[in-house]
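Those letters in the sequence shown? Residues 1 to 637, per my numbering, in order.
Be aware that a few hints might be false.
Simulated restraints on C-beta separations [said to hold, decoys possible]:
| hint | residue 1 | residue 2 | range |
| --- | --- | --- | --- |
| 1 | His188 | Asp267 | 41 to 49 Å |
| 2 | His294 | Glu227 | 45 to 53 Å |
| 3 | Arg97 | Val133 | 32 to 40 Å |
| 4 | Glu623 | Gln373 | 27 to 35 Å |
| 5 | Ile220 | Asp116 | 43 to 51 Å |
| 6 | Val133 | Glu414 | 53 to 61 Å |
| 7 | His188 | Gly219 | 24 to 32 Å |
| 8 | Glu623 | Ile55 | 25 to 33 Å |
| 9 | Pro207 | Gly412 | 27 to 35 Å |
| 10 | Ser626 | Arg400 | 32 to 40 Å |
DSBU-like, lysine-lysine: derived pairs with alpha carbons at most 30 Å apart [as the list claims (entries may be wrong)]:
| hint | residue 1 | residue 2 |
| --- | --- | --- |
| 11 | Lys76 | Lys52 |
| 12 | Lys621 | Lys578 |
| 13 | Lys76 | Lys45 |
| 14 | Lys76 | Lys152 |
| 15 | Lys185 | Lys152 |
| 16 | Lys621 | Lys148 |
| 17 | Lys169 | Lys625 |
| 18 | Lys185 | Lys169 |
| 19 | Lys560 | Lys76 |
| 20 | Lys148 | Lys185 |
| 21 | Lys625 | Lys578 |
| 22 | Lys152 | Lys169 |
| 23 | Lys560 | Lys148 |
Since the hints were derived computationally from the structure, they do not count as laboratory data.
Bear in mind the structure is a predicted one, so any value in this text is a computation, not a measurement.
From the three backbone atoms N, C-alpha and C, an ideal C-beta is built for every residue, glycine too.
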Amino acid sequence: MVPHRFSAVCFLWAIGVALSSSGSTQKGSGDWEVLAQTRALVAAKELDSTEKSLINAWARYIDRVQPRGVPTSTAKMFAQPFSAPTTALAHTDRIARSGVRGSWDLILAEAAEILDLQSPIPDTGPPQDPALVPHLAQMAERCEAAFKDVGKRSELEAGMHALLETLSKTVYAHEEEAHRQLSIKAEHLDRAALLRIACELLYWSTPSAASILENVSPGIFGGPRPEGVTGELRMAAETPYGWVLIGGRGPNHYDADVAYILDLGGDDFYSGRATRSSANVPVNLIVDRSGTDHYQASELGGLGAGIVGVSVLVDHSGDDTYEAGRLACGAGALGVGVLVDYDGNDTYAADSFALGSAVFGVGLCLDRLGNDQMTSPLYSMGFGGPLSVGMLVDGAGDDRRVARGVYPSPYGTEGQFNAGSMGAGLGFRMLDLSLVQAAGGWGVLVDCAGDDINQVGEFGFGMGYFFGVGIVRDLAGNDSTEASRYGIATGAHFGVGIVLDDKGDDLWSAPYTAGIAGNWDLTMSFFADCAGDDTYRGGGICLGGATITSLACFMDGGGKDSYEQGGDPAFGQAGHSKDVGRGVASLGIFLDAGGAEDSYPDAAPEQVGNNSERVFERTEKSEDKSGISGRGVFVDR
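Go ahead and model the full structure; you've got the sequences and the hints to work with.
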């Protein structure tokens, strides 16, 4: 294992190089000038009126549907659509910089801002004394108080497990009355209080705080211990909120209801029970100082799972293995769950709602260093359900992420699979508008450096569904991304999908319907790749193709690129017969501002090629009505 201090230096160098190349979009400077150029292009080609018509149509739809829990930042995107990529850029810049410093509390503060909550960062750090038990008791009481207007935590816990089971089978979770009522109750959760507790737990996980506690009992503890815990202990204290344990430097096995574990070293085993909050354990903090550890959770969740409470798991070093079913590895379910892994080549394997995933809460998975393997087929790796933010933040390393292969396609497409992962925001949409409609949250994936492989099924990689916002930011590396239907800066039914890539020679492959800045129904999509010789493989509705009251914007800022297209609309084309029925045209934009000699397919529309411009206007018929269904622009400079 590389010494911890050296690893941090390497990390700072790698991410510092990546961050130094990103310019301020507010000023339209640096690599991100392509965003300002695109905004200017809309005005220059007299497409402003089409944009305004879309904004007005979206406003009418919001007024008719009355979705609950729409964050202010999301509402602003639909009122000012070209603020969406700049807003995403600002948030992900701050998230990446906080990751450089290891300032995990600032990332929690970012989640709070997105959710219109007050900052969770306390005015002062934790008390510098070893009396952790009273502080844990106080935090547990505050956690209980956060639920006073919501309901009994034991009933809420059972309700959350039932909701997630339904959601794993159908996106229409609100068809069940119990789930609709749970959604309404969740609005009364004091999420700001839970985020503040999570910040305080993160302070207790720092090396300085852990050192204070380490010195409490330097000898071997011989008193009573919980069943399911083996190995050397330095301290064991039972509290009404779970056990408080300090483990020695050898191998330990932890499987008990635990409020706090500080493990000083060794190759350890942790169960899901020991690494989650629950109705019995409101607050849970695990700090592992070193060792090659094995974390394993059941279907009930764990490994930094905040279930009706707050759970924080911090692993400082080692090539670790994380195995779990549902709700794991930085997951929040009516709670806040955080997993921080500082260093090591780690393996993550979970079923669903994992690796930075949340429903009615906040879930953060923060992996700072290492070449990691991540697998979780459904609603994972930066997934935000209603009233939620889910983030996966990866610092440095050549990583492989897989979210596909288990849950069948909701369209019944053979060989394709549902995912809802890798920067995906999803709301609870009902076709019956008289029923409760819950707006989606934010799903965010930030990768700071490394040559990565991403493989995601349907509805993934910068995907928004029903007021959900999905964001992916990749700051550096030669990456390969493969996606299925609704993949890569996409969405449907009032979603926002954004992908921002700073640099690298990348492969973007989504040879199915609606991908790579292609979308469907009341949605906006923004894809921007600033630099590199990139390859794009799209299907139908791609590369700036918008349909049914939607906006799609594709931007490439530099490099010698290759484009493949499987069908229309693409390359800035827009429109569908349903646009005619609604009386509002969709808007498509394609801009390649790189100046290099690019490769375009033979099937591309006329005047689509190097050093050319074309304005599109599509006319279609819907029943007995004819009209303009879409407008768009193609520019290659």
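Hint-by-hint comparison with the structure:
Taking the beta carbon of each, His188 and Asp267 are about 43 Å apart, inside 41 to 49 Å as hinted. Our hint of 45 to 53 Å for His294 and Glu227 is violated, since their Cβ atoms are close to 20 Å apart. The supplied range of 32 to 40 Å is met by Arg97 and Val133, whose beta-carbon atoms lie about 35 Å from each other. Distance hint for Glu623 and Gln373: a CB-CB separation of about 52 Å, inconsistent with the stated range 27 to 35 Å.
About 50 Å separates the C-beta atoms of Ile220 and Asp116, a value consistent with the hinted range of 43 to 51 Å. Val133 and Glu414 have their C-beta atoms about 56 Å apart, which keeps the hinted 53 to 61 Å range intact. Roughly 47 Å separates the CB atoms of His188 and Gly219, a value that falls outside the hinted 24 to 32 Å. At roughly 26 Å, the beta carbons of Glu623 and Ile55 sit within the given window of 25 to 33 Å.
Remark: the range hint 27 to 35 Å for Pro207 to Gly412 is contradicted by a beta-carbon distance near 52 Å. Taking the beta carbon of each, Ser626 and Arg400 are about 50 Å apart, not inside 32 to 40 Å as hinted. For the proposed pair Lys76 and Lys52, the alpha carbon gap of about 14 Å is at most 30 Å, so the pair holds. Pair hint Lys621 plus Lys578 holds up; C-alpha atoms about 9 Å apart against a cutoff of 30 Å.
Straight-line distance between C-alpha atoms of Lys76 and Lys45 comes to about 24 Å, which keeps the hinted pair within the 30 Å bound. The suggested pairing of Lys76 with Lys152 is violated, with an alpha-carbon distance near 35 Å, which exceeds 30 Å. This hinted pair checks out: Lys185 and Lys152 have alpha carbons roughly 11 Å apart, not beyond 30 Å. With a C-alpha separation of about 55 Å, the suggested pair Lys621 and Lys148 falls outside the 30 Å cut-off, and the hint is violated.
With a C-alpha separation of about 38 Å, the suggested pairing of Lys169 with Lys625 is violated against the 30 Å cut-off. A threshold of 30 Å between alpha carbons decides the hint, and for Lys185 with Lys169 the separation of about 23 Å falls inside it, so the pair holds. Restraint check for Lys560 and Lys76: the C-alpha separation of about 35 Å exceeds 30 Å, so the hint is violated. Among the hinted pairs, Lys148 with Lys185 is consistent with the structure: their alpha-carbon atoms are about 11 Å apart, no more than 30 Å.
A hinted pair counts as satisfied when its Cα atoms are at most 30 Å apart, and Lys625 with Lys578 qualifies at roughly 10 Å. Distance hint between Lys152 and Lys169 is fulfilled; the C-alpha atoms sit about 26 Å from each other, no more than 30 Å. Distance check on the hinted pair: Lys560 and Lys148 sit about 58 Å apart at the alpha-carbon level, beyond 30 Å; violated.
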